[in-house]
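K.L.:
Spelled out from the first residue to the last, the chains are:
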Amino acid sequence: MSSIQKVGVCGAGGTMGAGIAIVAARAGFEVVRQDLSAAALERSMRDTAGFFSKSVERGKMTAEARDAVLARITDTTALDGLAGCDLVIEAVFEELSVKQALLRALHPLLPEHAIIASNTSTLSITEIASGCGREDRVVGMHFCLPAQIMKLIEMSPGVNTAPEVFQAAWDWTLAAGQQPVRTQDKPGFILNALLVPFNNDAIRLVEAGVAAPPDIDAAIKTGLGYRMGPLELIDLIGLDTQIRLSEAFYPVTLDPRAAAPPLLRRMVAAGRLGRKSGRGFFDYGKPGMYGA
Amino acid sequence: MNHMILGGPSRSFPKDDTFLAAAVPEADVLVLLRRALHSDARGRVATLVELDQDSLGEHTGEQDGEEGGTVLGFARWRNGDDPPSALIELVVQKNSAPEAIAAARAVFEGAGLTVALCTDQPGRILDRLLRPKYNAALRFLDEGLATQADLDLTCRLGLGYPDGPIERLLRGGLHHHHAASAALFEAFGTPGYAPARRAVVAARRRARGG
Ligand SMILES: NC(=O)c1ccc[n+]([C@@H]2O[C@H](COP(=O)([O-])OP(=O)(O)OC[C@H]3O[C@@H](n4cnc5c(N)ncnc54)[C@H](O)[C@@H]3O)[C@@H](O)[C@H]2O)c1
Chain A
23 MSSIQKVGVC GAGGTMGAGI AIVAARAGFE VVRQDLSAAA LERSMRDTAG
73 FFSKSVERGK MTAEARDAVL ARITDTTALD GLAGCDLVIE AVFEELSVKQ
123 ALLRALHPLL PEHAIIASNT STLSITEIAS GCGREDRVVG MHFCLPAQIM
173 KLIEMSPGVN TAPEVFQAAW DWTLAAGQQP VRTQDKPGFI LNALLVPFNN
223 DAIRLVEAGV AAPPDIDAAI KTGLGYRMGP LELIDLIGLD TQIRLSEAFY
273 PVTLDPRAAA PPLLRRMVAA GRLGRKSGRG FFDYGKPGMY GA
Chain B
13 MNHMILGGPS RSFPKDDTFL AAAVPEADVL VLLRRALHSD ARGRVATLVE
63 LDQDSLGEHT GEQDGEEGGT VLGFARWRNG DDPPSALIEL VVQKNSAPEA
113 IAAARAVFEG AGLTVALCTD QPGRILDRLL RPKYNAALRF LDEGLATQAD
163 LDLTCRLGLG YPDGPIERLL RGGLHHHHAA SAALFEAFGT PGYAPARRAV
213 VAARRRARGG
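From first to last, the protein sequence lines are chains A and B.
Under this note's numbering, think of the first position of the first sequence as 23, with each following residue one higher.
Under this note's numbering, think of the first position of the second sequence as 13, with each following residue one higher.
No lab work stands behind these hints: they were computed from the structure.
Treat the hints with caution; some may be incorrect.
[What the hints assert, rightly or not] Capping the alpha-carbon separation at 30 Å, the derived lysine-lysine pairs in DSS-like fashion look like this: (1) K145/B to K298/A; (2) K173/A to K208/A; (3) K208/A to K145/B; (4) K243/A to K145/B.
What you are looking at is a predicted structure, and each value in this text was computed from that prediction instead of being measured.
In isolation and in its complexed conformation, chain A is listed as follows (with noise of 0.2 Å):
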């Protein structure tokens, strides 16, 4: 039983600050969304709303309880309304100063016994925490994208969390309907760590002329039954994030599959950046987003 009762979210404007304010209101908690940006705060409010009458007309929830679940969330643009928070979970920008400034600002804000939890998907957790007063109370919970769908999150300690604060934190996400996972703090988790080199090597394969990205596609979806090939994939995610995911990891890796393939360098250059621009590996015709 969780003792957490308010939750916060920094970056709740943000694509999974909202998704992860979704999951505390959904599961019952009063959440505060908190963002720098009134506009994308508005913007993803309504996203909100309309995610949950979605799911009014699907039958999934009443009406009732859509208007109480929004009824239990405030916004905000200051961050000193997160005060009285249990729990706030930051999905701000990945830098590390960002990261560092958010939560040393936070920790005077908040009651001594809140902790601290970041979504960060490629930075340590110990060095987010570091020099912000409370570097015992805060944990590193991954939630995947889109996170009012994933049921998954990586949770991990850094060195200098108290074990009874990662317990918290564990026994929320189970709270909030979640399936935690227990990794440690080390860059890209679980699965990051495993898909990012993935996809550079299906990259190379490419690259050195194996196989064309249909071949390989096929052969991942029939050989192993995934609902999508690696190359479909990054198409999806975009080739410059993954140029970005590429240099958060291997200079912390030295991990050659991790460095980012020349041929993804070239295809970014050339402004084929995946889906978001209408071709990557595979040509979409115009730009889009995934489903449209």
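For chain A, the structure is supplied; the task is to place chain B with the ligand on it using the hints.
P.N.:
Chain B with the ligand in isolation, oriented as in the chain A frame:
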């Protein structure tokens, strides 16, 4: 398109596989299951040589990088001792005859299989792509990144895979992974292909009859 078979059953087409039963005594497409290439190939539209860790070039001979003709290679992907999948990796050379490729496709696709075309390189598509990832997963387990159950669960829930890497390797037999990985390590020498310790253990225990 009909096919005839010499040799077999084999890893690609084990006993009772419908592809074996569908073969006719004489056809334009000759399938060689673990059989050396010989005069029977002459005059066929396509001759399809089953490959394991061998290259197509070992069967056809090579010299100037302009290889190709009616002899193609293939392998049906299997995860170790798991039943064969529906994937056929069809190995072609630079100047492989388009009619031979079309005939091979017709024969395999007619048997309900999916064909992925690749060039004659070590590990073809799947071994080359998967072995480093499997070695990484095995190493993560040794390093305590997560339990086996959590590593596998993460891949199933986070990536929508039907199974996780380690449960898959254990099901198919870790020693098979060792063999594929060791061959690629010999070919490329890059660390990703070096068989992970757990695979080495499995291979050694098997060699000792354990
Ligand atoms: N997008 C993904 O697939 C994914 C998956 C898992 C984790 N993550 C991680 O989640 C985090 C957010 O990623 P995203 O894709 O949602 O980014 P995003 O750019 O969509 O959203 C970030 C939001 O944070 C806000 N913000 C920036 N600095 C802030 C600050 N100091 N205080 C308050 N708000 C601030 C921005 O206004 C923006 O609305 C990153 O750490 C990222 O690594 C992303």
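K.L.:
Now look at each hint and say whether the structure bears it out.
P.N.:
Status of the hints after comparison with the structure:
Of the pairs offered as hints, the one joining K145/B and K298/A holds, with about 28 Å between alpha carbons and a cut-off of 30 Å not exceeded. Restraint check for K173/A and K208/A: the C-alpha separation of about 21 Å stays at or below 30 Å, so the hint holds. Pair hint K208/A plus K145/B holds up; C-alpha atoms about 17 Å apart against a cutoff of 30 Å. Taking the CA atoms of K243/A and K145/B, the gap is about 16 Å. The hint holds against a cut of 30 Å.
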